[in-house]
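A.B. asks: Each chain is listed here by its residues.
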Amino acid sequence: MAEKVLDVVDLETHFISDGKVVKAVDGVSFHLYKGETLGIVGESGSGKSVTSLSVMQLLRNTPGKIVGGTIQFGTLDIAHASDKQMRKIRGNQISMIFQEPMTSLNPVYKIGRQLTEGIILHKNVSKKEATQRAQQMLEKVGIPRAKQILNEYPHQLSGGMRQRVMIAMAMACDPEILIADEPTTALDVTIQAQILELMNELRETSQTSILMITHDLGVVAEMCDRVVVMYAGQIVEEAPIEALFAQPKHPYTQGLLASIPKLGEEVEELTSISGTVPTPETMPSGCRFEPRCPYAMARCKEQNPVLKADEDGRVYRCWLQEEGSHE
Amino acid sequence: MLKFILKRILQMIPILFVVTIVVFLFVHMIPGNPARIVAGADADQATVEMIEKKLGLDKPIVEQYFVYIGNLAKGDLGTSLKTNEPVLQEMKSRFMPTFWLTVWSMLFAVIVGVGIGILSAMKRNSFWDYLGMFGAVVGISIPSFWLGLLLMQWFSVKLGWFPTTGLDSWQGYVLPSITLGVGVAAIIARFTRSALIDVLKEDYIRTGRAKGFSESKIMIRQALKNAMVPVVTMTGLQFGFLLGGSVVIETVFGFPGLGSWLIDAVATRDYPVIQAEILLFSLEFLLINLLVDVIYGFLNPQIRYDD
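Which chain is which? The protein sequence lines are A and B, in order.
Just so it is clear: in the first sequence, position 103 is 103 by full-length UniProt numbering, and no numbers are missing.
Just so it is clear: in the second sequence, position 6 is 6 by full-length UniProt numbering, and no numbers are missing.
Isolated chain A (complex conformation):
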């Protein structure tokens, strides 16, 4: 698992609106190994979706812009790639599935056309071959009567079926990386489990690396090998999956895990992290989690800690690292 397929270093993505700069992604670094599933976890506004859109260079037509850092993919730095270079990569070597299966398919074209157009674009095959491939992909993602579905329109399918079609579409060109931005959030629970299982199967057979963007720790536990936890545009902790669940280091991660209700345990009130994510106006000058942190100290107000490994090799961003254990 040593080969890095994606290496993001110090990524800075800013949004500029009405002359104000919002640092949506503020110095984020992570890498993705071949065949691995990396989870990026955080609440809304933590910058996880913007990170994934940056990797695809899909911020065009938004006020967002990559202003710093590198995104190394093979020999190419995506952060500085031209649109032409990106078009060869998108949908081909890196593909993406989105949160909204109901609206992510074009309502006026048949499923078959939507599946084959990407294959024809990237793989230089005939329409007939592309159709065969499309049918194969639909069968692979567990869609019954694949041949008929090719001739149907998106509105004739359920949400779960549409997400399967999206996955078939994303996997059709055998991508090296699949970015899944909250792929199961809009689906009901039983369908969620099926979709996650499907993605796991596909990863095993195709050796595709998956970047899983989610706010759902259940999905992380199900899918991921490693996890990156984001808060207010920065990474606050990075850990292998077992270590993260067994012993979360950053107070924010601890809070997230504590707020999952446990089966069989009777509680009066669900645990939550008090306060809210800071807005650009209320962004603390020190540690960004300090206003909500139960262990906040004087130093936390003044200086933002750096992300680094402690003596056990655990990587997180907290002053407690230097103060000794806080458990």
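There may be inaccurate statements among the hints.
As the list claims (entries may be wrong) - Each computed DSS-like pair below joins lysine-lysine, with the alpha-carbon atoms no more than 30 Å apart:
no., chain 1, residue 1, chain 2, residue 2
1, B, K217, A, K140
2, A, K84, B, K217
3, A, K123, B, K92
4, B, K201, A, K88
5, A, K65, B, K53
6, B, K225, A, K147
7, A, K84, A, K147
Since the hints were made in silico from the structure, they are not lab data.
Given the structure of chain A, go ahead and fit chain B onto it with the hints provided.
C.D. replies: Same frame as chain A, now just chain B:
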């Protein structure tokens, strides 16, 4: 689909029946006696009454209506009071020039309008967008008779490329078609632009980008068909208006179409001609609405007319 079309055509019959009543009443309420106009200003009362009797205008209006509707059921639109020729015959020779004028001007309008709309939406808030939308405002605001005269001055008088008036060859269509088309093109351009800009915000456009399509392919292959529903509605309406014959443009260019015929008919109180023309316009509108509904079905698979 066929069943739907058939049903809609059958539904037109009662609508057209109501139209005949309304039109008949209104036409007969126009002040002015056609018999007097036929007889001439110098004719005496006896002559006028004789002509009235000959034309059947002396009978009660209800009886006149039943005679009219009876003839209509037999496919007889009556004879022109002015020329004494069957109305149907004249209508046939007048309809085709107006029909082709409408087709050419709409073709011009759709190509130019959709083209400018796409460019403006693609290069949104750029110089080209502003230029295109400024052109559209000018196109909507410019009075068509003035534009017609302007084009005539340039291309007919100065350059001599096209005839000033009349319809002796295909060249006679060019200037009237452009004159009529400019205003419609401007409206279509604005509709296309705003519809495309709405569609470009949709999630499936992001999916298209994630597949690796270029912006121009996104526009043509993913967005355009979705944006066409409002444009088709608009185009259908305009088509109906133009098919009624443009009174102003046909007059400016001395064009032998339905519009100039209607003007003549109103001036001479030629009841059968007015009635026939308005009935034709109503039928045209009903057919165009049906056509637009059928096109909706092709554009958006969620609109299907199964029963």
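A.B. asks: Hint by hint, note whether the structure agrees.
C.D. replies: Results for each hint:
For the hint pairing K217/B with K140/A, the CA-to-CA distance comes to about 29 Å; that is within 30 Å, so the pair holds. Simply put, K84/A and K217/B have alpha-carbon atoms about 13 Å apart, close enough for the 30 Å limit, and the pair holds. Distance check on the hinted pair: K123/A and K92/B sit about 57 Å apart at the alpha-carbon level, beyond 30 Å; violated. A C-alpha spacing of about 23 Å is found between K201/B and K88/A, which places the hinted pair at or below 30 Å, so the restraint holds.
As the CA atoms of K65/A and K53/B are separated by approximately 85 Å, the hinted pair breaks the 30 Å bound. Distance restraint check for K225/B and K147/A: the Cα-Cα separation of roughly 25 Å lies within the 30 Å cut-off, and the hinted pair is therefore satisfied. For the proposed pair K84/A and K147/A, the alpha carbon gap of about 34 Å is over 30 Å, so the pair is violated.
Consistency note: the structure conflicts with the earlier hints numbered 3, 5 and 7.
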